[in-house]
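Visitor: Same order as they appear, the protein sequences are chains A and D. Residues are numbered in the numbering used here as their position in the first sequence, beginning at 1, plus a constant of 27. Residues are numbered in the numbering used here as their position in the second sequence, beginning at 1, plus a constant of 62.
Watch out, some of these pointers could steer you wrong.
Said to hold, decoys possible - If the Cβ cut is set under 10 Å, some of the chain A residues that face chain D in the computed set are:
1. 56
2. 155
3. 158
4. 210
5. 275
Claimed, not checked - With a straight-line cut-off of 25 Å between C-alpha atoms, the simulated SDA-like cross-links for lysine to any residue are:
6. A/340 <-> A/270
7. D/96 <-> A/340
8. D/93 <-> A/81
9. D/96 <-> A/64
10. D/93 <-> A/269
11. D/167 <-> D/91
What the hints assert, rightly or not - Away from chain D, derived, C-beta distances all over 10 Å, residues of chain A:
12. 124
13. 134
14. 232
15. 329
16. 338
17. 375
To be clear, the hints were calculated from the coordinates, so they are not data collected in a lab. All residues carry an ideal CB built from backbone N, CA and C; glycine is no exception.
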Amino acid sequence: MTNRAAFRVLVLIIASTLMSSGISNAAALVGDVRHIEIEASPVHALDELMSKYRRPDFIPFPASDAYTSAKAFLGRVLFNDTRLSSNGGLSCVSCHNSGFSYGDGRAKGIGDRMNPLDRRSPSILNSAWGDRFMWDGGAATLEEQVAEPIKNPSEMNQSLDRLVNALQEIGDYRSLFSAAFPDQSITSQTIARAIATYERTLVSSIAPFDRWIDGDNDAVTEPAKRGFALFNAKAQCASCHSGWLLTDDGFHDTGLPDEDVGRGRLFPNVLAMQHAFKTPNLREAARRGPYMHDGSLPTLAAVVAHYNQGGIKRPSRSELVAPLGLSQEEQMDLVAFLQTLTSDVRLDAAPAMPR
Amino acid sequence: MRCFIPIAAVLLVSPWGDAGAGVPDRTVHQKGRKFSVEDVTVARHEPIVFLNDDTVPHNIMSTSAENGFDLGSQMPGTAIPVSFSIAGTVVVICAIHPRMEMTIKVTD
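Build out the structure end to end from the sequences listed, making use of the hints.
Guide: What follows is the structure, encoded as structure tokens:
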């Protein structure tokens, strides 16, 4: 009952500060906030909670870009080819290396002419299930996302027209494209569709957590089980890190003290989008440090400590990010849980390059 | 067996009361990070109510040129009415969870 009363007070406080509208005009009339009597729903059993984390059996491919082995093979070749960058020094693998769980292990990515980029290279594992890509969600689909780092002057700095012309000059590529897209020529669209198809095949393998979810009680340690309980309750991690990938594909200001406005670039008038970044999925988390969009936190323990402290207060910070009051042991239990998400990701050697 | 107090909450009382027989329900629920409807048609000046019966805050908004609005961060357990004075189509999203998308058709 105490929690319930506290929640009501919180609702009233927050509601009184609502309506700070950044987008409105005379044509849309927003009325007063009404408060609703609520109470907690029946207690969930552990197995019901666990079922929400069960991994799917199939990779989803969009009807507009269905899987074919020829397309995925071509995509893998393109993904590894440094000729996609203007100076011939960078391939997709430069920042999305299987040995680093398809990130690059750095706090910030390295772009054209070895210049550091503004944000950490995100892992592209499990992108098949994603929605709105890049840290700020600037690309609606994986196909859209593929072109962004290629043409970005800070990253691969490549003209798509020039890239298409260059690939057309390479006999092996003409054959590979012909096999993957029998009725189409080499275009920026077919390049993007091939790479996106390959990327969708990159999926985390079965982790100890999955074996536990499937009923192997000994697959994870007792601290990890306690960490899972904390993750879903006291620590509130699951408010954003939900489902088998442990993400809501949403955008939140998590209170990191940097100047990057993130998704605020796309929604300059929406308060909650200032300093908001995409919730990363947590598969392979233990092997994906350093962490956060700016690479500012070196370890999972530092990430948990950040959320326990609550980050810096500012108007855009998510209401879900606030001091948690976790003990040292509880924080260690959370890290133990996150470590159970590590699978045996298949290492991918570079294929022979088309000549 | 360890049990969990869910973050989930359920609605006990309808926020807008009984709309009456034959009157379409203009309440859009947000439970489970989903809008309860994909398309709604309303007349000009007729309020549509966004009810957060989910477990997390949402931020309902539209960048519609004529009928744009932003409810700001809306906490669970609150409901907010919105009405429109110009006919047209209004695409609505949750800024925080953009998988949540719906369309309101405003008619004369």
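Visitor: Each of the hints needs a verdict: does it hold here or not?
Guide: Checked hints:
1. 56: 5 Å, holds
2. 155: Violated: closest Cβ of chain D sits about 15 Å from residue 155 of chain A, beyond 10 Å.
3. 158: The hint holds - residue 158 of chain A has a Cβ within 10 Å of chain D, the shortest such distance being about 5 Å.
4. 210: 33 Å, violated
5. 275: 6 Å, holds
6. A/340 <-> A/270: 28 Å, violated
7. D/96 <-> A/340: Not satisfied, since the Cα-Cα distance of roughly 28 Å exceeds 25 Å.
8. D/93 <-> A/81: 21 Å, holds
9. D/96 <-> A/64: 21 Å, holds
10. D/93 <-> A/269: Answer holds: residue 93 of chain D to residue 269 of chain A is near 14 Å, not above 25 Å.
11. D/167 <-> D/91: 17 Å, holds
12. 124: Residue 124 of chain A clear of chain D: closest Cβ-Cβ about 29 Å, beyond 10 Å.
13. 134: It holds; residue 134 of chain A is separated from chain D by about 26 Å at its closest Cβ, greater than 10 Å.
14. 232: 26 Å, holds
15. 329: Consistent with the label, residue 329 of chain A stays out of reach of chain D, its closest Cβ about 25 Å off (over 10 Å).
16. 338: 16 Å, holds
17. 375: 30 Å, holds
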